[in-house]
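S.K.: The chain contents come next:
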Amino acid sequence: MKKLLYIVLAVFVLNACDKGFEELNVDPVNLSQAPVGNKLSTIELFSSGGNFENHRVNIIYNAMMMQHLSSPLLNFAEGDKYILRKDYTSALFIHYRQPVKWIEDLLVQLDDEDAPDEMKAIVRILRVFVFQRLTDHYGDIPYSEAGKAFIDGVYTPKYDAQSHIYIDMLEELEAAAAILSLDSGTSAFGSADFLFQGDLSKWKKFANSMMLRLGFRLIKVDPAAAQNWVTKAILGGVMESNTDIVYFQHAATPLTSQNGNASGFAQDDQIRLSHTFVDFMQTRNDPRLPILAARKRDGSNDSWNLIGLPNGLDANLLLQLTGENDTNEYAEPSAIVKNLATPMFWQTYAEVEFMLAEAAERWGLAGGDPEPHYNAGVRAAMKMLEIYGSEAVIDDADIDAYLLANPFDATNAIEQINTQYWTATFLNDYESYSNWRRSGFPVLTPVNYPGNATNGTIPRRMTWDESEKINNLTNYNAAIAAQGADLLTTRIWWDIE
Amino acid sequence: MRIIIFFLFITLFQFNTSSCYSQNVKVSLDFKNVTIEEVFNEIEAKTAFKIFYMNAEIDLQRKVSLNVKKKRIEKILKILFADTDIVYEIVGKQILLKIDSLKNKSTPISSVNENNDLEEVVLEKVQVQGIIIDKFGVRLSGVNVVEKGTSNGTSTDFDGHYNISVSSVATLVFTSIGFTIKETLVDKQSNINVTLIEETEKLSEIVVTALNIKKEIRGLGYSITEVEGDELSVVKQTNAINALQGKIAGLNITQHATGAAGSSRVIIRGASSLTGYNQPLYILDGIPIGNNTNGSAGEWGGFDGGDGISSINPDDIESVSVLKGGAASALYGSRAAGGVIIITTKTGKGLKKLTVEVSSSFTFNDLDTSFLDAQTEYGQGIFGRKPVNQAEAKATSRSSWGEKLDGSMVVQWDGVERPYSYVGSNWDHFYRTGTTAINTVSLAVARNNLNYRFSATNLKNEDIIPNSNLGRKSMSLNIGAVLSKKLSVQLNAKYIIEDVHNRPNISSPPFNTSFTVGNLSPNVDVRSMNPGANADGTERTFSANPFYINPYFSAFNYRNEDKKKRIIASASLRYDFTDWLYLGARAGVDHYVIEREQVWPLGTGFFPLGAIWDREFQYTQVDTDAILGVEKEMNDKFSVNAFVGVNSNYIKDQELVNLGVFFIIPGIESIDNTESQTPSKMFSESKIGSIYGSAEFSYSKWVYLTFTGRNDWFSTLSFPGKKSPNDDFYSSVNASLVLSDALKMPDFINFLKFRGGYSTVAGGVDRAYQLSLTYDFFADHEGQELVQINGEQVPNANLVAFSKNEFEVGFDARFFNNRLALDFAYYRNETVNDIVPVNISSTSGFSSVLTNTGVLENKGVELLISGTPIKTIDFVWDSSFNVSHNKGTVLATNYNNANISIGLPRTLNIEVAQIVGEPFGTLFGNAYSRDVNGNILYEIDASGVPLAVIGERKILGQGVSPTAFGVTNTFTYKDFRLSFLIDGKFGGQIFSGTNAVLTANGLHKQTLEGRENGLTVSGIDAATNQAFTTTIAPENLQGYWGRIASVGGIAEHFVEDNDFIKFRQLSLGYSLPNHALKNTFMKTVHISATAYNLFFIKRSVENIDPESNYQTGNAQGLDYFGIPPSKSYGLNIKVKF
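Which chain is which? The protein sequence lines are G and H, in order. According to our numbering, the first sequence is numbered sequentially starting from 1. According to our numbering, the second sequence is numbered sequentially starting from 1.
Note that these hints are calculated values from the structure, not bench results. Predicted model, so just to flag it, every value in this text is computed and none were measured. You may find that some hints are simply not true.
Using 16 Å as the maximum straight-line C-alpha spacing, the simulated EDC-like pairs for lysine to aspartate or glutamate come out as follows [unchecked claim]:
1) K383/G x D396/G
2) K1098/H x E1056/H
3) K722/H x D152/G
4) K652/H x E23/G
5) K722/H x E23/G
6) K652/H x E371/G
7) K1134/H x D975/H
8) K722/H x E22/G
9) K681/H x D27/G
10) K723/H x D396/G
11) K887/H x E830/H
Example chain H residues on the side facing chain G (calculated, C-beta under 10 Å, incomplete) [to be verified]:
12) S648
13) F777
14) E792
15) T843
16) T851
17) N852
Cβ coordinates follow ideal geometry from the N, Cα and C atoms, glycine included.
Based on the sequences and whatever the hints tell you, model everything.
M.R.: What follows is the structure in structure tokens.
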């Protein structure tokens, strides 16, 4: 009725009152759609991350909990002392507002544009990489409904159980790898793909290597599934050399391109290498130590000048414990790794070799002998530092000497392999922390700083974003009911005791 | 309901109904002793009427005197031909005059016969004289005294006295406009005094209503207030709209502490939208004009970029109509959610001779130093001691926690030792007396079916801040022409050039001179900082904190200049097909360009390499209307006035910014002389298309019923594939009952009308492109351009317009021969589906979404009492009082009804928030933490100083005062006119960031207590829950107050009532009497002296002006070092030639 009247009026008085309105309301200045390549570039950069989450989660919590790093401060070193600072522990959550949202957006666009499946496969692998970090840190998280406020109008995404997320991520990797097996050329992303310049074979290896990583995560909660996925990954083809490493090459300018760890070091000159880590390398005469560390006071990288700062201390406790009141006597991250343009390692060939060693050890997979994989892992971990630059090249002789002094120990294989894994993932402490939780190695002595939030135990997860209590309360409460309180000590699904 | 009303329109237009031209045309005439012929000429000049008669039948040379204001033509004809045998007939726009033949036959022209009691004709003449008064004894001048049946007549003089020679048996007829006709037999009397009774059926004032349609007030079912232009220019202001303050019930004007070129906030009947634009739609000569604010200060500082309405020249304004309620403004649809203000500019209509008018005003703005009442006893320093060296003097640049001033020599910021004694008010030292000069020349005339008026105005303002000024040149040309009997046209054009030099910075530093000057210690003289720059152009920094800028550097080296060129032009025409059917069309454009250059010079303390912003704002609004209307009187009692129209509105808004950083070569402040430039563009283009209509029925001129309807289509709510409507329908119905005409009323009631209405109005989305996702390139990485989704707000493709409904009732009553008038209105309005940003889970990828979830209610009353307590021939006292109270309540914010924060001050400890169940703009901030008994909790620090525990945020007040009143009294004695305005606001609160900072810095007087012997504080120790009483040592007072007053401190301590009563305006005017001008070329000369913002009768907040808000948007109730208040004194001269 109403409509009819409008039509009558419109005909009588003038023609339609909203003619051309739909076209008029299209923004002529900003883009209504962007090329997929530019989106992929942005997603890769933001998946590598910026200062915010790398400084807060990777350095202040993960690296300090994993005793790679330490700091005498209270502020800026809460993770060193297991103090809960929620605006830091939730910092990785910003991924939802950046790479997650953009990945979902790009997937829709690739569908809309009928893009080749291999392009979608690349984005699906990236998606797993981003979500894997999120779920490994927080456990249950919005996954299936996340990042879709615009796409599906979901403003309060539900939290998916980590068990479901893991299955989906692994299946996604499997599907993506299957697509990439069909073609070994170059994707249409080309050079917009900073990681591999579109090289499909490398993406496939990344997919399978991620599958290997994710498979191992299930070792405590579902060993059979772990074995199954690890087997699939190995059959599918994992990384074969350091040229397959997944890393993002950062740049000093513009600001958005800087390495997030390095810019965190630039903000906080009290970060030191942990006594645990320095001691571990020193006792093994590790050639990596002088490359990764330098004495704060004078920049000396002579291994025997390098002392690690014990974790869990403040200036007062340090003085009481060691008699030292000058923190400049301790080792800090070297100029090489503090460079704002350093690469950020996402997953390395060394990690893959260590996982293969463990697969051989546990299930007789990957040739059945863990030792060559262990040796290849150690060698790769040392050689890969040359990606930092020519000053980070380790002589093969030094590596040989190291392996000679620290040979594969079949009696203690799992610990040895995973402790090397820990050494190799220095500064990729997202991974060190997850692998420590699933393997239990290295064996770390927790600190017990006054007022810590974990009763002197190393945290088992990070906490969700506080704003979820305001903006997504129902789902937040449901997630607590499913997983447990939003605490540092609550264990996530795959991290059962 | 919507459908029914709409249907009504359609059916209505199928009737050939209308009301007569004569019903709507009102004529004002003022003649003394002129011929009938001259009267006819004037009527024809002023109206579309043509008068037809046989020359032989009408005595064209008969002299008459006539003084009527806005009378219908019938009334005028009745007066002109009272007691003659001439009858008239109005056919459309033709007036036919003829001899009444019946009259002729029965009554030959003879007074004798009429008296019918004498057979002989008595020719004896007698001289009759007397005095005519009204029932209050006031002598009436200009009363026509006519010997009945003859053309013999006279009129009373200024003393109400008349003298006439008539036949001794004659009947005298006394007529005067507004009084009933009185007849008296002479009966040989020589002295006849008469008391005239005022007409009861009087009220036929015409006001301008929606779409510039003029209507009689009696027929309106809603509240509308019209203010004459003269009233606005009594005290001329740089922003003319400010002159409405205190004059209209329900209109809440906030003048901000942002300088002479700043903007004003005008709110009618409370805010309509929680976070959107809440100010009224401005209509200038029939077309909407833009009122964008091009810059506003926030918590991190900034400046007020001025608003659109301030461009309008007060000297050009004929009248301002404020359409308060929804029923009044429903015809404007979506843009009328905040009410409508219709400004009509002057034309040449009715000016038979070329009239030249020169108007000049000159005003001094004098800094009002009575406000900032800081302590003057203790000097610069910290912890109770003086600075010991230059470095410490610079480090403590805004700390007055030193010693008692003792006259000793103490080093200051520049290394110079000066006496440690009070240097006088730095406000006086730094600020200057501002001046405003406004000169207008206008020419106007109406001749040969053509009337025009041209005016040119020059405004020059020097603000109280050195080197800050505003210049405005306005030109206005209005032309009206009757092209044929059927076609008339009106053209209006205004061109305005505005030049603003250094809009003052307010709120947080840098560049806010008030912040620096207000925070200097009593022993530091601001003049020592003059000049602000060294010889090489670098800033002479007086503080270790580079953000506290040398105020002279800020005034003379920092630059912020803008130039606005604006044209507002419209053309309208009306074609009368018949006497009942017409077509109207109107088109207008408002276009301006602002070029703004803002420079942080090379050598600026906090940004040594300098920066420059080159900005260009462009705004264009094009509005076109077409109306087809009928006006018809069906019969004697029933008339209909209806129309349908279409409207198209187009707005383009764009801003180009080029930011250049780091000057290369000193001395050249140009964008080309910078190391890197970042250009950006903001663009928005939108259209609204509309169909509207109105139908008014009246019965017997005492029942009026009006329906209006409008449907708006929004481009901003259109997008390919959008499923929700991109349009909305708005309607209103209102009724007026003139009970005083319908029923027999007691004598003292002259007029009584009840009115009521219901309406829906609404608001769409102002900004375009909010429905869809957009992307932009934001950076590059190793040669690849990076692209991101713009913003973190989800574009909501299903957004619809919000709607606001309003119910209004009221009455309008006049008593005691219209000496007392009462106008009352009650309204309740509710905004539903308000478009608000709702915070959403960040895991959704975005942080907020625009949704239609806000609900806001306003309830209020408005009362206007006006009257004339005293009225004699020489002396008249007019008085008017208006008061309004609006209770706004936020009923819903978003789906979980979380608070919506709309603004905060630099202290960050308080915000203005929309909170469900609370008034619009609630102050929500850190409160003291208290125990159950209300005792304040303290943490005792290592030195034993009790530091107040910062408690949770609480509701501390409301930023918008709900109650406002204004009283105007005008006394006219002969040629003198004295008028004053007092206004006030009640019930609101303000957070004074100024007082917080002064307290933290030891300048507030409350910090004096205990400076010698310590301050005793009692409270509860939060650690032990035990009561304590302790005396804080003088050197520790700084820490005690620092906790309360620093950034993040206790806002509760600084939220105060901002009630005030202000003696706003005083003017004394004198018009030179006519006889003094008799032999000059001048027609009228009017001189007046004025004063503005004279003093406060009541003020509850200390140190600051209660009106010192710096935010021009919705976040009201925040003060933070605005421009200091000033008083102004002026002189106006107006001469007509």
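S.K.: Assess, step by step, whether the Cα of K681/H is no farther than 16 Å from the Cα of D27/G, and give holds or violated.
M.R.: Between K681/H and D27/G the Cα gap is close to 12 Å, so the pair holds against 16 Å.
S.K.: Check the hint pairing K722/H with E22/G against an upper bound of 16 Å on the C-alpha distance.
M.R.: holds, 9 Å
S.K.: For a C-alpha distance cap of 16 Å, please report whether K383/G and D396/G respect it.
M.R.: holds, 8 Å
S.K.: Under 10 Å, Cβ to Cβ, is where E792/H needs to be relative to chain G, so tell me if that hint holds or is violated.
M.R.: Holds. Min distance 6 Å.
S.K.: Per the CB criterion, is T851/H less than 10 Å away from chain G?
M.R.: Given a least distance of 9 Å, the restraint on T851/H holds.
S.K.: Given the hinted pair K723/H and D396/G, is their alpha-carbon gap at most 16 Å?
M.R.: violated, 67 Å
S.K.: Do the numbers back the hint for S648/H, that is, is its least Cβ distance to chain G under 10 Å?
M.R.: holds, 8 Å
S.K.: Holds or violated: is there a CB of chain G closer than 10 Å to the CB of T843/H?
M.R.: holds, 4 Å
S.K.: Between K722/H and E23/G, is the straight-line Cα distance small enough, at 16 Å or below?
M.R.: Given pair K722/H, E23/G holds - Cα atoms ~12 Å apart, limit 16 Å.
S.K.: Given the proposed pairing of K652/H with E371/G, does the C-alpha separation stay at or below 16 Å?
M.R.: violated, 72 Å
S.K.: Quickly compare the C-alpha distance for K887/H and E830/H to 16 Å and report which way the hint goes.
M.R.: Roughly 12 Å separates the two Cα atoms, so the pair holds.
S.K.: Hey, does the N852/H contact hint survive, CB to chain G under 10 Å?
M.R.: violated, 14 Å
Of the numbered hints listed earlier, those contradicted by the structure are 6, 10 and 17.
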